[in-house]
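Asks: Residue numbers (this note's numbering), protein chains in the order written: chain A, 25 to 697; chain B, 25 to 697.
I should point out that these hints are in silico values taken from the structure, not numbers from a laboratory. Incorrect hints may appear among the rest.
A pair counts as met if it fits within one copy or between any two copies, since identical chains are not told apart.
List time: in silico DMTMM-like cross-link candidates among lysine to aspartate or glutamate, alpha-carbon distance up to 20 Å [as the list claims (entries may be wrong)]: (1) 187 with 293; (2) 294 with 191; (3) 654 with 593; (4) 309 with 273; (5) 451 with 383; (6) 294 with 113; (7) 457 with 383; (8) 294 with 114; (9) 147 with 341; (10) 187 with 226; (11) 462 with 51; (12) 216 with 157; (13) 147 with 551; (14) 503 with 315; (15) 654 with 588; (16) 654 with 357; (17) 451 with 301; (18) 451 with 357; (19) 553 with 510; (20) 294 with 116.
This structure is a prediction, so every number in the text was calculated from the model and none was measured.
Protein chains: 2
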Amino acid sequence: MNPHMFSQPANLRDMQITDSFWLREMELVRNNVIPYQWDALNDRVPGAAPSWCMHNFRAAGLQQQRIREQGSQWQAPVYAYRGFNVLPEEGEEPDPDAFYGFVFQDTDFSKWIEAVGYSLARKPDPCLEEIADGAIDVVCSAQDENGYLDTYYLLHGMDRAFKYLKDHHELYCLGHLIEGAVSYYQATGKDKLLRAACRFADYVAQLFGYGEEQCKGYPGHEIAEMALMRLYEVTGEERYRDLANFFLDQRGTQPHYFDAEGHERAEYEKRAFRPGEYSYYQAHKPVREQDEAVGHAVRAMYLYSGMADAARINQDESMLEACRRLWRSTVRDKLYVTGGVGGTEVGEAFSFPFDLPNDLAYSETCAAIGLAFFARRMLQLEPISQYADVMELALYNTVLAGMALDGRSFFYVNPLSVLPEACRRDKRFQHVKPVRQKWFGCACCPPNIARIVSSVGAYAWTKTEDTLFTHLYMGGSVKFRGLTLEITTGMPWSGDGEAVVHAAAPVSATLAFRLPGWSRGAQVLCEGKTMEIRDGYCYLSGLWQEGDTVRLRFPMRIRMLTADTRVRENTGKVAFMRGPVTYCMEEKDNGAAMHLLLADAEAAERAQVLDGEIEGHPVKLLRVPGRREKPRAGDELYQDYTAPEYERTELTLIPYYAWANRGEGEMNVWVRV
Amino acid sequence: MNPHMFSQPANLRDMQITDSFWLREMELVRNNVIPYQWDALNDRVPGAAPSWCMHNFRAAGLQQQRIREQGSQWQAPVYAYRGFNVLPEEGEEPDPDAFYGFVFQDTDFSKWIEAVGYSLARKPDPCLEEIADGAIDVVCSAQDENGYLDTYYLLHGMDRAFKYLKDHHELYCLGHLIEGAVSYYQATGKDKLLRAACRFADYVAQLFGYGEEQCKGYPGHEIAEMALMRLYEVTGEERYRDLANFFLDQRGTQPHYFDAEGHERAEYEKRAFRPGEYSYYQAHKPVREQDEAVGHAVRAMYLYSGMADAARINQDESMLEACRRLWRSTVRDKLYVTGGVGGTEVGEAFSFPFDLPNDLAYSETCAAIGLAFFARRMLQLEPISQYADVMELALYNTVLAGMALDGRSFFYVNPLSVLPEACRRDKRFQHVKPVRQKWFGCACCPPNIARIVSSVGAYAWTKTEDTLFTHLYMGGSVKFRGLTLEITTGMPWSGDGEAVVHAAAPVSATLAFRLPGWSRGAQVLCEGKTMEIRDGYCYLSGLWQEGDTVRLRFPMRIRMLTADTRVRENTGKVAFMRGPVTYCMEEKDNGAAMHLLLADAEAAERAQVLDGEIEGHPVKLLRVPGRREKPRAGDELYQDYTAPEYERTELTLIPYYAWANRGEGEMNVWVRV
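Produce the entire structure from the sequences given, and follow the hints as far as they go.
Replies: Dropping the structure here:
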């Protein structure tokens with residue numbers, strides 16, 4: 025552990041992203057996703073499931089108003105416990121005073137405002153800011169005088185608040201509220217929502233802790249840990265750090281809090297208590313003893329991100345060790361070649377090591393986003409290029425695949441192989457959609473994409489006192505210690521680029537550039553500076569002056585990859601990558617029955633890179649020499665084996681993130697060889 | 025349609041099975057399964073889930089006694105609707121007057137008594153018969169005066185009887201009761217249970233029908249159709265045939281009965297009606313319009329069996345056409361190489377054509393048994409050897425795999441590939457067990473195995489007025505028109521055998537022998553008789569005398585099979601068979617990581633057949649030349665492709681039915697080539 029190397033993400037307001045690839049994505053989010061989300065939050069997207077999010081805040085605000093008007097006369101209606109997802113009965117008119125939607129529906133707003141904040145930091149927009157301020161007013165109007173702010177319990181009468189930590193996402197709502205509030209504050213300087221988030225956090229900090237009267241629980245769905253650490257870093261208030269530490273240190277300890285809570289709940293609901301599998305919640309053992317990535321993949325990524333923050337902020341060596349073990353378990357045994365994680369739909373969870381089904385994959389968009397969170401935080405702890413390699417893999421592939429090229433539809437699940445007939449006719453594939461959906465009742469993924477795409481610069485650059493790290497390559501500029509580093513690059517299609525320094529006066533600094541793991545013979549060239557290569561980064565130190573130029577030479581070859589032989593699904597198969605981009609075949613280019621296609625063993629050397637276009641979006645395509653196994657003639661399902669016959673063909677591969685933009689069809693990442 | 029060729033199964037009392045292979049299985053059932061089942065029915069198997077079956081009959085009998093004693097004074101307790109599977113609360117003492125278990129729990133008895141009947145027909149056993157008579161007394165004591173006999177409704181107060189036809193298996197209970205009663209009557213001549221079954225059927229026949237006041241429903245889980253047809257054939261009472269026809273003809277017609285029932289139920293339960301997917305119940309369209317095997321596989325097989333009975337009994341050409349289409353859909357597109365059907369766990373159902381997952385297979389034991397029912401009935405309609413080939417495949421592979429070699433544990437689900445770690449750690453594999461289980465709460469499979477194994481002779485031989493068909497080859501003798509045909513055979517390990525005629529006086533008859541589909545150059549040799557080969561059967565006609573001998577020469581080679589290229593799971597793979605036996609590899613013989621094993625392309629010619637033994641049971645093993653792909657070295661999950669390295673090895677294959685008898689381990693039917 026070397027605290028001197030701990031870094032912080034560069035401030036979004038200190039950078040300008042001009043990169044044609046990422047700017048397009050950011051503008052999509054700004055122009056399409058954020059306005060669309062706002063409509064969704066207000067239940068006015070025709071044909072989409074209502075979110076109920078702003079409805080709930082309004083209802084809770086009305087309630088607060090009545091409390092103020094009627095004082096102690098006023099009695100909150102106490103609704104019966106109505107389950108995890110509350111919907112109006114068919115044909116029933118929604119009750120303006122009632123809560124609807126999932127228990128975590130408040131976070132639809134929090135994620136939206138977080139994305140809005142990042143977007144405003146990059147590009148001010150008075151109209152959007154006005155809408156956001158109005159939304160914040162509604163949200164803040166719902167807050168109880170004591171600071172409590174979760175509309176599910178506010179509107180259900182509060183008698184069961186903090187009694188369902190395992191399953192009800194109450195502290196998850198707190199965490200997202202903080203993330204959104206900090207983002208908006210950092211972008212606009214307006215602190216109304218930040219103060220509301222602090223008040224909620226203060227209220228929780230009073231209730232939870234080691235004191236005799238305090239609750240010993242912690243979140244069932246993690247995020248509060250990293251959010252509270254972030255709030256601590258923004259406000260300097262140690263109680264937020266302490267609360268985060270409390271949640272982390274309590275997790276998975278004995279006697280198990282979820283057992284105690286479960287007993288109370290069972291008694292309340294008049295039924296027998298049945299203990300659950302706490303590994304789903306990463307609460308099967310204390311966090312420092314965990315060594316395998318398990319359970320719900322998004323929760324896992326959020327927890328590990330919070331652990332990495334804690335390791336850094338507390339300079340906690342044992343926590344760092346746990347983070348390293350969990351990182352290794354994630355990327356060594358459980359990572360899709362598309363940067364996705366979470367192999368099984370049951371529990372949206374990690375499966376056992378090397379169990380990475382392609383067609384039945386879960387690989388939730390949010391989990392890949394969480395992996396980028398985790399990776400960035402590991403980079404903040406220790407700049408080792410593998411973290412950035414994986415972060416880049418997740419961002420360019422599964423994260424971007426989560427959104428259509430027109431920004432109007434989304435994937436929740438990101439399979440590596442799709443047969444549309446299976447999605448339609450085999451209920452095992454119920455979670456797999458062959459085309460992106462407009463919105464989801466459980467709308468975690470679209471706003472999560474919006475927030476990470478809008479803040480991608482904070483993943484590209486982090487800084488210590490004297491060093492600016494460039495982890496990801498994207499065109500744009502970033503300010504650091506009086507200099508501005510301007511990067512031009514052809515990423516993700518070419519690894520060549522340059523970084524030019526602009527400075528009114530010479531600045532002493534270290535500029536560190538990642539050597540991408542996908543490049544053989546990567547070079548960073550710069551004259552007159554001290555160069556050191558360490559852990560996959562090239563450190564250039566010296567006095568930087570206007571016009572100093574660093575040339576980036578990252579040869580980009582077509583890589584034909586094979587999986588560890590323990591990955592049963594990929595035996596005898598290969599996947600293609602070029603730079604950070606994973607490729608796939610679509611039926612549109614290759615015809616149906618793609619399981620009968622084979623790539624030649626020497627395809628990597630003989631494949632071609634071509635310019636192409638998908639729905640107006642320029643991409644590099646791969647043309648790969650291969651064969652097609654001829655369908656067997658005959659009238660029987662099973663026949664005597666005869667050597668298969670083949671015909672020569674060329675396979676056309678497109679970037680994985682661009683699949684399913686040209687209608688429904690088969691898709692495959694892994695190809696027989 | 026040629027009614028002259030319609031055949032009936034040979035009477036079990038007219039045959040003697042001496043075959044070492046099948047006799048062993050029958051004795052297992054007689055000595056282990058039937059007594060074990062009886063204990064299970066009485067909830068006295070330690071460690072197994074209670075059946076509650078006899079408890080329920082006793083409780084209902086007690087109730088009938090009270091009704092008789094108290095007359096109109098007596099009031100049945102009306103329980104609230106308590107769901108599909110009623111269990112005592114934890115720690116609660118079971119109520120001796122209450123129903124427990126699944127709605128169809130009565131059928132545990134019916135299947136048991138059916139197997140008992142077949143066993144007694146083969147081998148009288150006064151002690152077993154006495155137990156059975158006692159059980160029948162208990163069951164009959166539960167019958168209402170009006171003939172009704174389903175303990176779920178008897179003990180719940182009857183107000184909701186016949187209101188849940190879609191989901192509550194009430195007519196399924198009737199069907200199994202008939203099957204059991206007929207079997208016991210045919211074996212022992214005792215008609216107490218048969219009369220009870222007739223009274224229940226009479227009661228149902230009054231309630232259901234085309235009359236204005238009559239119910240227009242039909243079973244959600246089929247079996248009553250074929251059972252009523254059987255009852256008609258035994259009793260000659262046309263009302264049973266008419267009721268079966270009514271159920272078949274009503275099924276899937278509009279307005280849809282399940283809609284009407286669902287509306288009534290929703291109203292009763294005060295909730296909105298949501299129509300289901302009626303294809304699960306094979307009720308999505310009228311049966312004569314069905315052309316794809318869909319839905320719950322056991323139900324499908326039972327329905328199609330009833331349809332085949334109806335086609336024969338009614339001489340109904342359009343019904344026969346539907347049966348042929350459904351047969352073809354089943355065996356051409358949806359049949360495992362192990363004779364199993366039902367590719368998906370969701371709904372225990374058929375998936376879409378060519379979707380035959382190996383590891384996630386459902387392939388329920390009962391569905392393979394149902395396939396044998398269907399096949400035998402198609403053979404009764406038209407003697408075409410393909411029906412018998414499939415029947416034989418199901419019996420020797422999936423059906424027998426359902427039971428351990430010691431008869432003490434059972435599979436419900438029969439995968440074609442198993443990785444024990446996946447069964448333990450990946451919840452998608454929750455339904456797949458790597459070792460057989462002692463008993464199941466939903467105990468359909470063990471008693472189903474018992475009843476088909478005990479009556480296997482009725483699948484081996486059917487007869488018309490003048491022709492005796494030998495469909496399956498097993499050592500033993502069968503009486504026909506004054507002659508006794510005595511068969512000796514080395515099946516399933518050798519296709520050679522002979523059939524010798526014993527007759528006090530010459531008998532004019534046709535003896536028809538199936539030419540097995542798995543044999544090339546099959547020959548049936550006999551002197552002095554007219555020979556005709558038609559539809560895979562060799563017909564020998566003439567005057568048969570003592571000592572006349574038919575020699576059976578069915579060369580048995582090792583077959584290396586490949587699947588239709590549309591079966592995605594089996595691309596680049598082969599399966600091995602010899603005669604009717606499908607083979608598999610087990611970890612015990614081949615080491616772990618069996619997905620890295622490959623068979624040579626010319627393995628079929630170079631493989632050896634060896635004598636072996638599994639848990640004392642003699643089998644033929646296959647030794648197949650092949651290779652093992654070397655695990656790739658390296659520390660990364662994904663690496664640049666290099667051609668895999670192999671080492672030569674020999675694969676050892678054992679019969680699929682004998683797998684999982686030597687502890688837990690990997691298993692694979694399909695092998696890379």
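Asks: Please go over all the hints and tell whether each is borne out by the structure.
Replies: Hint check results:
1. In this homomeric assembly, residue 187 and residue 293 come within 20 Å of each other (Cα to Cα) only inside a single copy, at 12 Å, whereas the closest approach across copies is 30 Å.
2. With identical chains, the CA atoms of residue 294 and residue 191 are at most 20 Å apart within one copy only, with a shortest distance of 18 Å there and 28 Å across copies.
3. In the homo-oligomer, the alpha carbons of residue 654 and residue 593 lie at most 20 Å apart only across protomers (16 Å), although the nearest pairing inside one protomer, at 22 Å, exceeds that limit.
4. In this assembly of identical chains, residue 309 and residue 273 lie within 20 Å of each other by CA distance solely inside one copy; the values are 10 Å within and 60 Å between copies.
5. Proximity of residue 451 and residue 383 under a CA criterion of 20 Å is satisfied in both settings, with 13 Å inside one chain copy and 16 Å between copies.
6. Taking identical chains as interchangeable, the C-alpha atoms of residue 294 and residue 113 lie at most 20 Å apart only when they sit on different chains, with a minimum of 11 Å there against 25 Å within one chain.
7. Only within a single protomer do residue 457 and residue 383 lie at most 20 Å apart by alpha-carbon distance; the minimum there is 11 Å, versus 22 Å between protomers.
8. For the identical chains of this complex, residue 294 and residue 114 are inter-copy neighbours only, at 12 Å across copies versus 28 Å inside a copy, given an alpha-carbon limit of 20 Å.
9. Proximity of residue 147 to residue 341 under the C-alpha cut-off of 20 Å is found in neither arrangement, the shortest distances being 39 Å within a copy and 75 Å between copies.
10. Proximity of residue 187 to residue 226 under the C-alpha cut-off of 20 Å is restricted to the intra-copy arrangement: shortest distance 18 Å within a copy versus 57 Å between copies.
11. Proximity of residue 462 and residue 51 under a CA criterion of 20 Å is satisfied intra-copy only: 19 Å inside one chain copy versus 61 Å between copies.
12. Taking the shortest Cα distances, residue 216 and residue 157 sit within 20 Å of each other inside one copy (9 Å), while across copies they are farther apart (82 Å).
13. With identical chains, the CA atoms of residue 147 and residue 551 are never at most 20 Å apart, being 35 Å at best within one copy and 98 Å at best between copies.
14. Neither within a single protomer nor between protomers do residue 503 and residue 315 lie at most 20 Å apart by alpha-carbon distance, with minima of 38 Å and 69 Å respectively.
15. Only between protomers do residue 654 and residue 588 lie at most 20 Å apart by alpha-carbon distance; the minimum there is 11 Å, versus 29 Å within a single protomer.
16. Taking CA atoms no more than 20 Å apart as the test, residue 654 paired with residue 357 passes between copies only; the shortest distance there is 19 Å, against 35 Å inside one copy.
17. In this homomeric assembly, residue 451 and residue 301 come within 20 Å of each other (Cα to Cα) only across copies, at 12 Å, whereas the closest approach inside a single copy is 25 Å.
18. For the identical chains of this complex, residue 451 and residue 357 are inter-copy neighbours only, at 18 Å across copies versus 28 Å inside a copy, given an alpha-carbon limit of 20 Å.
19. With identical chains, the CA atoms of residue 553 and residue 510 are at most 20 Å apart within one copy only, with a shortest distance of 18 Å there and 98 Å across copies.
20. For the homomeric pair residue 294 and residue 116, the shortest alpha-carbon distance between copies (14 Å) is at most 20 Å, but the shortest distance inside one copy (29 Å) is not.
Hint compliance for this structure: hints 9, 13 and 14 are broken, all remaining hints hold.
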